[in-house]
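J.: Heads up, the sequence shown stops at 401 in this note's numbering, and the numbers go up one at a time, no gaps.
Calculated directly from the structure, the hints in this document are not laboratory data.
Worth double-checking, as some hints may not be accurate.
To be verified - Here are the simulated lysine to aspartate or glutamate pairs, EDC-like style, with alpha carbons at most 20 Å apart:
1. Lys311 / Glu365
2. Lys311 / Asp287
3. Lys311 / Asp296
Unchecked claim - Okay, the calculated beta carbon distance ranges per label pair:
4. Ser342 / Arg197: 28 to 34 Å
5. Ala350 / Gly211: 41 to 47 Å
6. Arg199 / Arg264: 19 to 25 Å
Because the structure is a prediction, the values reported are computed rather than measured.
Using N, Cα and C, we set each Cβ at its ideal position, and we do this for glycine too.
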Amino acid sequence: MLVDNSELSALAEREVPPSRHALPRRTTTRKRGPGWGLAAWVTLAVAACDWAWDPEADADPVEPAEREPPPLVSPKEAEAIDDQKGAALGLRPRQAGGYDYRDPSGEFEARIDKDGTVSFRDLPRRDVGNPLDEGIRFGGLADWLRQGGDKQRHAAAKRGLLEKTQQIRGDLAQAWHQQQIDRQLAGLERDLKTIWSDPNRNPRQKRVQLFERWDECEEPASKETAKAVRLDEPAASHLERRRQAAGRQARQQIEAFIRERLGPDDPMAFTAEELRELNGRRHSRQRFDPYAARGK
106 MLVDNSELSA
116 LAEREVPPSR
126 HALPRRTTTR
136 KRGPGWGLAA
146 WVTLAVAACD
156 WAWDPEADAD
166 PVEPAEREPP
176 PLVSPKEAEA
186 IDDQKGAALG
196 LRPRQAGGYD
206 YRDPSGEFEA
216 RIDKDGTVSF
226 RDLPRRDVGN
236 PLDEGIRFGG
246 LADWLRQGGD
256 KQRHAAAKRG
266 LLEKTQQIRG
276 DLAQAWHQQQ
286 IDRQLAGLER
296 DLKTIWSDPN
306 RNPRQKRVQL
316 FERWDECEEP
326 ASKETAKAVR
336 LDEPAASHLE
346 RRRQAAGRQA
356 RQQIEAFIRE
366 RLGPDDPMAF
376 TAEELRELNG
386 RRHSRQRFDP
396 YAARGK
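Construct the entire structure; sequences and hints are all you get.
T.: Written as structure tokens, this is what we have:
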């Protein structure tokens, strides 16, 4: 509540009855200047506002901590895709893995497979009734432009779906590829033993098959999967690093098998001439030399 200056002046000039022991008051009165009332008003106004002062409001704003990007799915967590997140985006889980999606406007459908790839299918236009009996209507420029607009709207809606499902599709791709990698690595030792113990092949043919098994291992710079799944750069890079690591692990396992079963001093070992001939037709950028990797 604001107080008028005249009221403040009246309160200040009100006489207080002297006590019995008080000293005699001076009869002279000092003339108050015009600025006294303004100072009192400011003092009371500040005092009246003290109750509303918030010390935290004057404090320096605290910068929010920078949010770290959500970690990509680990191998152990890769199989547990969050169906609730997919349901919030309108995705319906498929029994075989992945999701189905139907555009709310009924213009197209989409399928997200268990490996993260996406396929779209445009739906036919709904029949709005029989044509009029009076005549035949021919489409004009307006119809052609409207059809072009429909295609653009469909494209925008499809891009929106890809953006919304980026994380889920990345999780699916990583889960699927990790399963393939684990399966291949788990069966690699068995495959190598089967090759080397095959009674229908001679030692030369067995060595060539071991080399071909080594040469077909995954290598870097393979971005076909990222393009097919349409992953963003962080997810694609993470998937590529995982493939590279699995390829190196598989090659090391094959080289270890060769050194164990047909070492350099074994009569059935790879000869220097044979290694030169095989390296001349390899697809891999890495040189095939299993015996040089002994100390690694």
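J.: Of the numbered hints stated previously, which ones are contradicted by the structure, given in increasing order?
T.: 2
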